[in-house]
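Asker: Turn these sequences into a full structure, and let the hints steer you where they fit.
Chains as they are written, first to last, in the numbering used here: chain E, 1 to 146; chain W, 1 to 317; chain A, 1 to 339; chain X, 1 to 285.
None of these hints come from the bench; they were simulated from the model. Do not rely on the hints blindly, as some may be mistaken.
[Said to hold, decoys possible] Derived pair list, reagent style BS3-like, types lysine-lysine, alpha-carbon separation capped at 25 angstroms: (1) X:Lys138 x X:Lys151; (2) X:Lys61 x A:Lys69; (3) W:Lys41 x W:Lys71; (4) A:Lys117 x X:Lys151; (5) A:Lys69 x X:Lys29; (6) E:Lys73 x W:Lys138; (7) A:Lys211 x X:Lys268; (8) A:Lys69 x W:Lys41; (9) W:Lys138 x A:Lys198; (10) W:Lys146 x W:Lys95; (11) A:Lys328 x W:Lys27; (12) W:Lys68 x W:Lys12.
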Amino acid sequence: MSETPKLVLFQCQWCLFAPADQEWVDTQLPENIHLAKVPCTGRINPLYLLNAVQSGADGVMVSGCLPEQCHFKTGNIAARRQLEEFSDYLNHIGYEQDRIRFLWLDLQDRGVIQKELAAFEAQITALGPAHNLATRVAETVGGANA
Amino acid sequence: MPDIDALKAEAKRILSEGMVDMVIGFKAGDTPLHPQPAFFKTPDEVDQLVYNALCQNNLATYLTRFPKNQKIGMVVRGCESRSVNALVFEGQHPKDGLYLIGVPCEGIIDWRKIVEQTGEEVFSIFEQSNNTVLVESKSGFFTLEKETLLHESCSRCIHPNPISANVVIGELLPEGDPALAREKVAAFASLSMEERHAWFRQEAERCIRCYACREACPMCYCEECFVDHITPRWTESGTTPAGMQGWHIVRAFHQTGRCTSCGACERACPMDIKMTYLTEKLNEDMRRKYNFEVGLDATTPPPFSTVTLDDKSRFVI
Amino acid sequence: MNLILKKDHLKHLLNAWRQDYEVYAPQSLQNFTHFLPLQDGFELAFDKAHNTRIPPKALFLPTSEALLKFTRFGGYEEVPSETAPRLIFGIHPCDAHAMTMLDTVFEQERYTDPLWKARREATVVVGLGCDEPCKTGFCTTVGSGPFNHAGLDAILTDLGEIFLVEILTDKGEYLFTQLETASEDQSMQASEVQQAAKASMPIAFETEGLKQKLDQNFASPYWEEVSRSCLGCGVCTFLCPTCFCFDIVDEAQRGERVRNWDTCMFRTYSLEASGHNPRPSRVERTRQRLSHKYSYWLDQINQIGCTGCGRCVRYCPVGLDIRAMLRKAHQLPSEVLHA
Amino acid sequence: MPNEGRSPYLPIPMHVLHAYYESTDNSLKTLELSFDDPQDAREFFAAFNPGQFCLLSVIGKGESALGVASAAWEGDFVRFTAQKLGSVTTALHALKPGDPIGMRGPLGNGFPLEEWKGKNLVIIGGGCAFSTLYALTKHLHHPSNRGDYGKLTVIYGTRTSGLCMYKQDIAAWHQRDDMEVHQAIDVPEQDWLHHVGYVPDVVKEVRPSPVNSVAVVCGPPIMTKFTLPALVELGFPPETIFTSLEKRMKCGIGKCGRCNLGPKYICKDGPVFSLAELNALPADL
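Answerer: So, in structure tokens, the structure goes:
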């Protein structure tokens, strides 16, 4: 695949990375990675993921706090249940589950986010572009039943 | 088949004794193919009550329409009783405001499958004891195997008997085998990614977004559905691929841990869109991962509203 | 002038038409029929001669279509009206009749809908009469019929081996130039088939005075009774050939202003930004649907806004039957004045 | 405005000329729009009549129906006052002078001004629905129109004085000797020199004469509901009481179906109806 994959990174605003990493994420994230900060991973509605997927994301990474360190106590674990099921479910209808990845990180993990993103990107590159559910583009005029 | 007279007698009794304000059941429709949901308020009205394999709606969908202080009686099958339990768990009606008359269910017949074989003008339908259905239509008499007429969701039903009903009319049936549902999901999962997606796309693209699936589902009672939300808009409106697929993906996903596999969505669909292959997958996952089946009682929370630290999940490091 | 079309010649003729038109005819899609453009090696689905699941109005008013395309910096441009010549073959008279009613909406004097008009003008419509009218249909009750001519350029009558073709307009005549003329016998035979079809259809309900009953009982408990089991889905209206309501939505991401089918049966249909809803429950919404068809259309064009195609009867998920609802309405008292 | 060849769904390109808050709580904002193409302006004003409405388009957000609040003689601009309620009106409130905007209209029929010639006019408005009545009053003020009509009475009520629109103009109206202005607020406020009370009560207090008169009522549904009977009680025959209705609208031209009141569409056959007409229609508001 010649194109670089389009990635979306959801980051919980309470689980910032180490200062240097956070600065890198905030200012120097490669263009193919779209950053979306959320108030808590528990706030990530599967609809957010669906939006990313339908809009053509080749991979979605969710970065949340470590278990038991959630600012809202259980947001990250609740999110894990839902998002895992959602990725399983998308896999059922044509979006490989490896394209959705959940990451647990905290301040101590210096330099990890870069490595993780690079590894994820490599994984997605190997999978190739995700075209199955990427329907949210202007392509057809008129209804499907027209 | 439950004894219809016993069913009527019980419905009359709870009405006349003032135990309930209303009994929700079915009455004969304008053709034998379409019995209608009915709301009986007096014992006399109960004479119209019918119950047969063509009663295709999940009556629990009407439960959320009535005030919580209203005492409601309902004729329930296995799936309906579980939907009621799930609704009670979600606080949609108090348990003691309900009187459930249970009937063990031998499966719901798909009227479209009858019409395909007998023509549209059907005069009468008899369910016979030897698992056949005798249909009298304009083109003559037909004896059809009931097995072949059942809705898919019914042929793999696990819980045909009503759960937590106040009274059960008729003899209990043997429980179904969860393996049947598992097989179905496994068979779909064994297809290639492209085949699975092609199936999904092909089913979703017939959608006209009439939302009959939503309205027929007892668990779809949200005051504002996500598709009606304007700011932000969650899905594309209209019948674009993104809009139709988004609707089908999210509608089913919102039923995770809430769907009782009753198949009312599929039966309501005017475009014959298959939907249970989505919800079955989610239900199977809930059984497999969390040992959870919805509606077996009205107190166990579904997996998505509980959290534990010991989930076995590929997301845990 | 009546012509003869041999059934074994039909495929050839359809293929010949495909040179000049995009030809739509009923074909199987999953387990129902649908008007789809003919491709090479097509198979017609005439044997299930019932109405297509989706009415052919969808060919003129698609379920979704773009009205405007947004350009950069807050600009926009019109989506050009489509004008490629089309031929719809095998449309049933009820559906064609319905289209003439929709014309009165979309081609009004003051405001013509260019998209609808362009499609109507570019389309030739060949009908297929119903020699075996469907059981759920009630076209004869509401002023249409299994061989009604409204909205058609030509109509076919099935006479076994052949179709008898009645030419109704110039557009229709142009299509069938090469066919032989029907004999008097054949014409007689066709007219017998047509009479028999009509006679086989019972009158489903009394239409005389129905409008007055509905108007006078605007505030009647009748509406609550008939709507009690209504699910509030859009099946009856989306599958209805005379329903035309639409919604206009800006799809910012796609950069289009689109219009989608909408229905008075949805809660959001009449919900205002203030939160006020003139039709807050299924009761008012059912009243709107029935009154629109059986009262308001009569005020507007002096026709019942229903052609009796029977789709709403057949596909209502809870078996609500508009015919039974109207029979019941006819028994309402007349004295009550609407609120 | 008939659409010769032009799509009725295609908005006229406009720009925001002025945008300012009308009420002290910033819930009401007035937009004055100018035409990008002078030809559009000519066509607009050739068809325009007070009482008509337009659909304002914020591209990407949608359309919202608003009554025109300016008279043709004021200049080549069109004025609207929008209450911030839904997503489109919120977007309208965010517009600044110079921003592009689309407009479809004028739509609907407006007030039957020809019919009213030679009569006394009683104009009764409440809240932000006063905008079209403001346009009407402005129209009547023009020297070439004023002589066609008799006595002019304006009754305008708002919940608070801060919610009163077009304050400067209305203050000037009090000074005019060719009209009578009654302002009201719902609850007493310091320094308020006019009426206090609900509009129907103020109408009963002012007691406009029904002789050779026409009353025009625009306001929130609850105000209209009580004002119409008050006027009937004062002796106004239903044929001489007019009101302007609104309902959710999408197309504005009688096609999308939702603004019907029985067989009539508010967009196409209204929005102005006489009480006599309304009495013959079902109460589906």
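Asker: Against the structure, test the hints numbered earlier, and report the numbers of the ones violated in rising order.
Answerer: 4, 5, 6, 8 and 10
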